[in-house]
Amino acid sequence: MKALVLGSGIDALVTAHTLARAGHEVTVLGKRDGEPSPHTGWIARRVIANLDLERHGLSVEWPDPWVSAPLPGGARLALWRDVARSADEIRKLSARDAGQWPKFCERMQAIAGVLEDLYGAPPPDPLTHTPGGLIDLARDALRLRKLGRQSMDDFLRLLPMSIADLLDAWFESDVLKGLLGAQAVMHLAQGPRSGGTAFNFLHHHVGSPAGVFRQARSNVRDVLSALPGIQRLEHEAARIEVQDGGVRGVVLDGGERLAASLVVCAGDPRRTLLDLCDPGCFDPELLRALRNIRSRGVAAEVTLTLARDPGFTVLALAPTLDHLERAYDDSKYGRASSDPYIEARHEAIKEGAHRAHVHVQYVPYALRDGTWDDARRDELAKLVIAKIDQAAPGFAASVLGHSVLTPADLEHRRGYPQGQPYHAQIALDQMLWMRPVPQLARYRTSIEGLYLCGPAMHPGIPGATGANAASVILRDLKKSK
Amino acid sequence: MLKTTPFHPRTAALCRSHAWRRWAGYVVASVYELNHEREYHAIRSSAALFDISPLYKYSVTGADAARLLDRVATRNVARASVGQVLYTCFCDNKGKVLDDGTIAKLDERTFRMTSAEPNLRWLGDNALGLDVAIEDVSEKTAALALQGPSSRAILQSIAASDLAALKYFGIVATTISGIEVTISRTGYTGDLGFEIWVDSRNALGLWDRMIEAGAPYGIVPAGMLALDVARIEAGLMLIDVDYVSARKALITRQTSSPYELDLGWTVNLDKGVFVGKEALSREKHAAPAWQFVGVEVDWDSLEALYLEAGLAPQLPSAAWRTSVPIYAGDEQAGYATSGGWSPLLKKYIALAHLRSEHADIGREIEIEVTVEHQRKRAAARVVKKPFFNPERKRA
Amino acid sequence: MADYDALVIGGGHNGLVCAAYLARAGKRVLVLERREIVGGAAMSEEVFPGFRFSVFSYVVSLLRPEIIRDLDLPRHGLHILPLESTVTPLANGDYLGQWSDHDQNRRELARHSLRDAEAYDEFGRLMYQMARAVKPFLSMAPPDPASLAPRDLLGMVRIAKQLRGLGGDRFHALHKLLTMSAADYLDEWFETEALKATKSASGIIGTFLGPRSPGTAYVLLHHYMGEIDGVFRAWGFAKGGNGSVSAAIAAAAREHGAEIRTNAPVAKVLIENGRATGAVLENGDEIRAKLVVSSADPRRTFMQLVGPEHLPDEFAQAIRNFKFRGSSGKVNLALSELPNFTCLPGAGPHLRGAISISPSIDYLERAYDDAKYGEVSRRPYMDIVIPSMIDPSMAPPGKHVMSIFVQYVPYKVNGGWTDAKREAFGDAVIDTVAEYAPNIKSAILHRQVITPADIERIVGISEGNIFHGELALEQMFFLRPVPGWAQYATPVDGLYQCGSGTHPGGGVMGASGRNAAMAILKASR
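Residue numbers (our numbering), protein chains in the order written: chain A, 1 to 481; chain B, 1 to 395; chain C, 1 to 525.
Here chain A stands alone, though its shape is the one from the complex (with noise of 0.2 Å):
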């Protein structure tokens, strides 16, 4: 069958190329976006194995230590992929928190594990009547009970937590649980007090070892896009064409027919929905639904070019846990925060070139009192330099050149609605069958033939996602033969 998979991501690679394997004549429509490489995020393992990445040269980094943070004095806290060398490293700081370590590590991996679980196939449907699908039911509350009494009771009551009652029940020391709070509000619009920041938490530790909580680096960008296989057009789509409820083609920007009856969008489901199809199609509920998503971006890029190696791998400026709350409190009321949350990853680039990815959180989307504009890009690209440069002085002056991105410019330039990477915000009312809203939840929409794989539905994580997209739509076309 003709398929066309719209989006040049991660996702609509992975659906493209899962498709082409089972067969399918698949076209990927799609200017190669703007999106960095190396990738920041797990892999599946199952993606890995089914398209057979390792053997093309996929290489997953993880940084060592994960994290390093400034302590008074000049000195580091550095976090390594070693449990024991960084409870070391923690005694330091508390001998209490040292101790707690491993336990910490454990449990949490232990909760991410059953995250991950979930995350390796569409989403249960808990209101299913068809055998199948009970029979999923069943397996996924058995699963749970098999984790036994700490690890499930763990697992209901930690994920609607705020990350500051997880972290204060476990841990003394204010640079530690900055430092682990800061992934909780990876990409999200809350502080480190709101509930449910524990589960941000949890989901980006799936697919990391035990004690590591930042994600590892990838080229699975460039791995998927040298893979052969497929039809690459570098055009975007400016309308999906439907008829009699079901999808016929795609009309390129150029005014160029494309007859498919089989439409795959990684793009954002909002976007699709209402602006690449024709909104009477849907129902009022979806489209209402479609509105209601949140996909609030509270984090800009910042690439620094710099002279030399800044002496980090990852430098993360999140002091304490009130640091962040504070910086989210300006990002409340329009503002982007006096204070923000740092963190810089450095990469070595070629002949002794160097750059800091840097994320800095919490810069809203829109600014109660004024836009995005050079000026305001510099004068946040400037605290960034000095902020770093007070964890690791000299850092400043080898700063050679910046760019910017904000929200703003990255919906524009890579697609993210109001600049959230994950098109729909990670939260638990999106998650599982309500993401990005439940009518969407399994890939379909009530268009037959198109289908949606973007980072808004679930998991949520890339290749996770087409992986899971594609198995719905190979499942579809199996049942419809």
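Treat the hints loosely; a few may be bogus.
[What the hints assert, rightly or not] Here are the simulated distance ranges between beta carbons:
| no. | chain 1 | residue 1 | chain 2 | residue 2 | range |
| --- | --- | --- | --- | --- | --- |
| 1 | C | 161 | A | 379 | 53 to 59 Å |
| 2 | C | 124 | B | 389 | 38 to 44 Å |
| 3 | B | 45 | C | 165 | 52 to 58 Å |
| 4 | C | 90 | A | 84 | 56 to 62 Å |
| 5 | A | 259 | C | 161 | 54 to 60 Å |
| 6 | A | 368 | C | 412 | 54 to 60 Å |
| 7 | A | 259 | C | 90 | 54 to 60 Å |
| 8 | C | 434 | A | 311 | 56 to 62 Å |
| 9 | A | 334 | C | 149 | 49 to 55 Å |
| 10 | A | 412 | B | 128 | 21 to 27 Å |
| 11 | B | 22 | A | 334 | 41 to 47 Å |
| 12 | C | 149 | A | 57 | 50 to 56 Å |
| 13 | C | 346 | A | 368 | 35 to 41 Å |
I should point out that these hints are in silico values taken from the structure, not numbers from a laboratory. Just so you know, even glycine gets a beta-carbon here, dropped at the ideal spot from N, CA and C.
Here the structure of chain A is known, so what remains is to put chains B and C in place on it, guided by the hints.
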């Protein structure tokens, strides 16, 4: 604290009974005189004037106005011609009726929609991506209904346009003594009649002009009690009384599809996508579980029940609006939702929901009546609606 | 050997409800109350001569109708008068009213937004359905999902059936209610800031969360809970103040044979061979009973009255982690005249309802910001009622009592609570009220200011949390107060809990006390 309609200064002065009723947050007269008898008979013999301003009214304009209305209504709005009024259902995505009302095509890009319940949010939600402006003109627009055999003569004496040319369910923009109005040949009585739509600021002038012109013809301001009797005779259903809006229903069983309300004729499955289409086409093929029918109570049977108690039949003069069980043998076949004595037909009639297997015309059933605090069953029969359908309505 | 079948520690409304149900079933019951009067936080007191106050809890929210019926409380003097409206004064001198009459309410909302006026009814219908869905869970002992006991398994199956029976729309709506923030949830429905803020305020009461924090949407439901029992406008005042609720329950308990002893503070629960066998009073008296039921909050019960040495480590740790974080205070005023609100001058019907100081979500969020860092909100959220407007016997003729519920007032205020701080808090409250009702300052005859520290000291609730532990998702249902121990029994044989710190907790509801009594009676059968 209740709202009053733009006609209130006049209607209040006339309301000798002090009997008012709430309608959509407004007060309107239930009956002006001490009982509604004269008001009812005016509907069927001369002309009755009703204040129907509490109806919700929306102005829908723009290039996609017809598309929006086609999306929410079951009838084909795109095919309507300028000057036509459509009576239609509005359904939800499960094909259950949310509301019923009219859509008047005033010009190629301007429509006026009326409904019993507010629908601004619903229209707004459905207008996503369409080039259309929706305005709630409920308060800006006042409305009168002039109903009865003399209504055309009265209106013609003051209206600038030729009303003989105005067909049943047609609408025309014209003036009455210089006041800009639109006149539609519509109503809620099943008789010859018109509805007159006017800017609220000109409401009192219009009222005075109509009363003045109507005096020689015996015009009578009439209230809701009289209207209720007439609309039952006409077989016209009333939201909240005869059916529950799917928006208000607390359980699925309370909802109804147009087919179950005898409004299948308003459903056009040949037009493009509209809200509820899929569910409705399924239901059409499967046949509805319920029917909305006319019921005529057998007078002899009723009389016999009263006779047993030593009484002559005693019926309330006003129509009732309660749920009354209907039986077919030992089984409850359904329930009547409104009914009453028709002074014109001299019949005891009701509108009822019956399970489809009991709903054929002519079917013998029994209806519950309470005679001297005892529940009894009177014989009744399913009959064709409307109970009264004069030729002048369409002529 | 045992003097009683059951000892109930604490004479708050839940303790009394539990005692009354146990006594009604023929048990010999003794209630031990620390203070000189029963009622706990549900009590009335003539604080100033002639002026009676519901000192702490001030409205009857969700007192279970079955309790009113079972215990025949009206015969014992209970009369709940309806709370008619909520009016939110706005900064621009206007107001937003929510009235009990549908037409009046719609008209008022339409003044602010036609769309919201329509959405309001649909929202109400959904909440009604959600409340119906949740109601069965309120009166059940939550099953333990990790247990293999047939009763728990059956319970879980019942819950699963119940939830699946809701159907897609409602199931998903319930999911959203449980996991979203009140602000986000209401954003999906309404556009009027004051409406969203006033509604969301019910989601933050008694928690240490802002309206934008997930987990605050669920409590929106509580406002609709009353309606499904056929008790429209279930929110109201008890005639005579909330003390009359407690008094009525106490009277019912006594009539069924329960004994109630005041001025009898318990020092320790007697534990022998791992079993609770009675209590030791502070004066050294020992009273023995077959079982002991504590209506004190979980921390007080287990850390003080029982002692961690009698508890499994994990359990003790879980109790330590149970969040209290009192965040609300009260200011009670005796007034020489009615407050005159600028937005609605004069003595209108709005004074018979609640006045909510919640003009916008940002306002509430800023109030929370202060508290997060250990300060009292400079401009707090307030829920103001004037009980003497509904029950004139609360004040001398022509005079009035005003109750101001205030949030956020952190228990852990920077530098700790002092008398000066308390009065400064009182001043801040009065200053804010004066912005909306300028005559308030000159009308004040007396003022009583209550902080969470005062609630802890006087009523004995840890950290002054009005719900005996925050009503956060991770502390509800089978997680309240500790996973595996949500069925009123405790790790100590013969010791039960019946306070608000157990499921469902919160408000003058009585469900915890009743559920606990049912669990005890079932176990002793």
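Hints and how they fare:
1. Between residue 161 of chain C and residue 379 of chain A the C-beta distance comes to about 58 Å, which sits within the given range of 53 to 59 Å.
2. The hinted range of 38 to 44 Å is satisfied by residue 124 of chain C and residue 389 of chain B, whose Cβ atoms lie roughly 40 Å apart.
3. Distance hint check for residue 45 of chain B and residue 165 of chain C: the Cβ-Cβ separation is about 56 Å, which falls inside the suggested range of 52 to 58 Å.
4. A C-beta distance of roughly 59 Å is found between residue 90 of chain C and residue 84 of chain A, which places it inside the suggested range of 56 to 62 Å.
5. Separated by about 47 Å at the C-beta atoms, residue 259 of chain A and residue 161 of chain C break the suggested range of 54 to 60 Å.
6. Distance hint for residue 368 of chain A and residue 412 of chain C: a CB-CB separation of about 31 Å, inconsistent with the stated range 54 to 60 Å.
7. For the hinted restraint 54 to 60 Å between residue 259 of chain A and residue 90 of chain C, the CB-CB distance of approximately 57 Å keeps it satisfied.
8. Separated by about 58 Å at the C-beta atoms, residue 434 of chain C and residue 311 of chain A satisfy the suggested range of 56 to 62 Å.
9. Checked against the given bound of 49 to 55 Å, the beta carbons of residue 334 of chain A and residue 149 of chain C, roughly 53 Å apart, stay inside it.
10. About 23 Å separates the C-beta atoms of residue 412 of chain A and residue 128 of chain B, a value consistent with the hinted range of 21 to 27 Å.
11. Checking the proposed 41 to 47 Å range against residue 22 of chain B and residue 334 of chain A shows it holds: the Cβ atoms sit about 44 Å from each other.
12. Checked against the hint of 50 to 56 Å, the pair residue 149 of chain C and residue 57 of chain A passes, with Cβ atoms roughly 54 Å apart.
13. Checked against the hint of 35 to 41 Å, the pair residue 346 of chain C and residue 368 of chain A passes, with Cβ atoms roughly 37 Å apart.
The structure fails hints 5 and 6 (numbered hints given earlier, in ascending order).
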